[in-house]
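Number of protein chains: 2
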Amino acid sequence: MKSYKGYLIDLDGTMYRGSEQIAEAAGFINELRQRNIPYLFVTNNSSRTPAQVAEKLRNFGIETDNKQVFTTSMATANFIAERKVDATVYVIGEEGIRNALQEKGLELVEENADFLVMGIDRAINYEKLTKACLAVRNGAAFISTNGDIAIPTERGLQPGNGAITSVVAVSTQVKPIFIGKPESIIIEQALQVLGVSKEEVIMVGDNYDTDIMAGINAGMDTLLVHTGVTKKEHLLQYEKQPTFVVDTLADWQFE
Amino acid sequence: MKSYKGYLIDLDGTMYRGSEQIAEAAGFINELRQRNIPYLFVTNNSSRTPAQVAEKLRNFGIETDNKQVFTTSMATANFIAERKVDATVYVIGEEGIRNALQEKGLELVEENADFLVMGIDRAINYEKLTKACLAVRNGAAFISTNGDIAIPTERGLQPGNGAITSVVAVSTQVKPIFIGKPESIIIEQALQVLGVSKEEVIMVGDNYDTDIMAGINAGMDTLLVHTGVTKKEHLLQYEKQPTFVVDTLADWQFE
Chain R
1 MKSYKGYLID LDGTMYRGSE QIAEAAGFIN ELRQRNIPYL FVTNNSSRTP AQVAEKLRNF
61 GIETDNKQVF TTSMATANFI AERKVDATVY VIGEEGIRNA LQEKGLELVE ENADFLVMGI
121 DRAINYEKLT KACLAVRNGA AFISTNGDIA IPTERGLQPG NGAITSVVAV STQVKPIFIG
181 KPESIIIEQA LQVLGVSKEE VIMVGDNYDT DIMAGINAGM DTLLVHTGVT KKEHLLQYEK
241 QPTFVVDTLA DWQFE
Chain W
1 MKSYKGYLID LDGTMYRGSE QIAEAAGFIN ELRQRNIPYL FVTNNSSRTP AQVAEKLRNF
61 GIETDNKQVF TTSMATANFI AERKVDATVY VIGEEGIRNA LQEKGLELVE ENADFLVMGI
121 DRAINYEKLT KACLAVRNGA AFISTNGDIA IPTERGLQPG NGAITSVVAV STQVKPIFIG
181 KPESIIIEQA LQVLGVSKEE VIMVGDNYDT DIMAGINAGM DTLLVHTGVT KKEHLLQYEK
241 QPTFVVDTLA DWQFE
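Chain order of the listed sequences is R and W. For the first sequence, the positions run 1 to 255 when the working numbering is used. For the second sequence, the positions run 1 to 255 when the working numbering is used.
So that you can see chain R by itself, here it is in the shape it has in the complex:
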């Protein structure tokens, strides 16, 4: 087995399940730390800041520096800043995306925005959706942090950001640029932060459609772990298989 020099790692379903611990996760991260292998957590969750995400991981006993968290909000802010200096942004979303855009020096506005950014916003309302539609019709570039259609909660599957984003996509008939997994945009940025070339990095996650497809789309090796969304029987339907599959991260051989 190849000895990878860097790891990109998913969170929900891989490091924990909602508010529930995944027993093998802390040991997996400890192994990486002992071997001095760089790793980065890559998440489609746009609502929380890296500090909030890192704190959650530490509460599960998973050693994490804030700088080891790479969110789709950070990728979105980078994506915009690379395209236009001093861009104005109309944003629908929660603390994580607002912070990321502002930290990148982008100006949040209500009208005449260069970009519309949509991230999950549990305070969504008709006025926000109207402003978003008007922004796109007035020529704002349409960006969405991720296309996740559903969010698992104790109540069941709630609407995800991809579903909310569809209001503006359907109304304006303009397709958004999605930043998060399975798109390669977030992965390519994460590889830059990690500072290891993609041939030597493996993408680790529990969800074939987002994590594994993101790795495949970016041309990387992938490790699917059966502690979350994608079960063994689901895997049969896919033509392109992950490079490796394990039941839990305890089964992973580092070299």
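Simulated from the structure, these hints should not be mistaken for laboratory data. Among the hints, erroneous ones may be present.
[What the hints assert, rightly or not] Derived lysine-lysine pairs resembling DSS-like cross-links, with alpha carbons at most 30 Å apart: (1) Lys175(R) / Lys175(W); (2) Lys175(W) / Lys232(R); (3) Lys198(W) / Lys231(W); (4) Lys131(W) / Lys175(R); (5) Lys231(W) / Lys2(W); (6) Lys131(R) / Lys175(W); (7) Lys198(R) / Lys67(R); (8) Lys240(R) / Lys175(W); (9) Lys128(W) / Lys131(R); (10) Lys131(W) / Lys231(R); (11) Lys240(R) / Lys5(R); (12) Lys128(R) / Lys56(W); (13) Lys131(R) / Lys231(W); (14) Lys56(R) / Lys128(W).
[Stated by the list, open to error] Rough simulated footprint, nothing fancy, chain W against chain R, three-plus residues with beta-carbon under 8 Å: (15) 113-127; (16) 158-167.
[To be verified] Per label pair, the in silico range of CB-to-CB distance: (17) Leu108(W) / Lys175(R): 34 to 44 Å; (18) Lys231(W) / Lys175(R): 17 to 27 Å; (19) Gln52(W) / Asn66(R): 51 to 61 Å.
Note that the structure is a prediction, hence the values are computed from the model and not measured. Beta carbons: idealized from backbone N, C-alpha and C, even for Gly.
Since the structure of chain R is provided, determine the placement of chain W on it from the hints.
Here is chain W on its own, set in the frame of chain R:
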């Protein structure tokens, strides 16, 4: 020219434009009344009651009895009542759809609904969308009053009910049954109310994609009037042309 024995008539763009009068509309309706030709206004607007719609028409000088207004909310309530007696409904929407469902004896519930109904709701929020998604995932039949993607307002094109409906369609991956124009469901019900067979009725409207397509889908003759959405140059792109086209309703020959 054929002498039609019944008329189905669109409202916005045909009888008025938002809060603006269309000068030729009142005369057209007066002609129908003098000739004793039955007519029915057919609208995709689910938010208002027939009484509210009729009052608006009267304020524009257009003689209207409340019973001459047929809304997609009424068609939706009929559609459900025909399928299940004493059905329970979780509804997203405003006064028009709520009234129509209750007048049909359907019970509005927050959980364990047999049907989910989505109509335009300018007080939409994440909790309502969550309940809607959970209802469909729990087996509720998914009905939407209409698929309009945008609503013309003074601010520009705001998101329509079809755009909001897409949140639930995308998240659950279940396609809704749309009731309003261009579907034939609303037209077939309107014909029953009018009591004239479709071969002798003409569908009149300004919007090719909704009004004229509804007539075509129901197998009726159609009259497009250029006082609203569809301009002469738009018409060129369509293979199936309306039976008749006029600039204003003053140009229509009743026989």
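Would you mind confirming whether the straight-line C-alpha gap from Lys128(R) to Lys56(W) stays at or under 30 Å? It holds: about 29 Å lies between the C-alpha atoms, which stays within 30 Å.
Taking only the CA atoms, is the gap from Lys231(W) to Lys2(W) under or equal to 30 Å? Since the Cα atoms of Lys231(W) and Lys2(W) sit roughly 25 Å apart, the hinted pair holds (cutoff 30 Å).
Holds or violated: Lys175(W) and Lys232(R), Cα atoms, limit 30 Å. Roughly 28 Å separates the two Cα atoms, so the pair holds.
Does the alpha-carbon distance linking Lys131(W) and Lys175(R) stay inside the 30 Å limit? holds (27 Å)
Quickly compare the C-alpha distance for Lys175(R) and Lys175(W) to 30 Å and report which way the hint goes. Answer holds: Lys175(R) to Lys175(W) is near 20 Å, not above 30 Å.
Hint check: Lys131(W) vs Lys231(R), CA-CA at most 30 Å. Holds or violated? holds (27 Å)
Does the beta carbon distance between Leu108(W) and Lys175(R) stay inside 34 to 44 Å, or does it fall outside? holds (36 Å)
Straight-line alpha-carbon gap Lys56(R) to Lys128(W), limit 30 Å: holds (29 Å)
Just to be careful, I want the Cα atoms of Lys198(W) and Lys231(W) compared with a cutoff of 30 Å; is the pair within it? holds (26 Å)
Range hint 51 to 61 Å (beta carbons of Gln52(W) and Asn66(R)) holds or violated: Roughly 55 Å apart at Cβ, these two residues keep to the hinted range, so it holds.
Agreement of Lys198(R) and Lys67(R) with the hint, judged by alpha carbon distance not exceeding 30 Å: Holds, because 19 Å separates the two Cα atoms, which is no more than 30 Å.
Does the structure keep Lys131(R) and Lys175(W) at a Cα separation of 30 Å or less? Answer holds: Lys131(R) to Lys175(W) is near 27 Å, not above 30 Å.
In this structure, none of the earlier numbered hints is contradicted; all agree with it.
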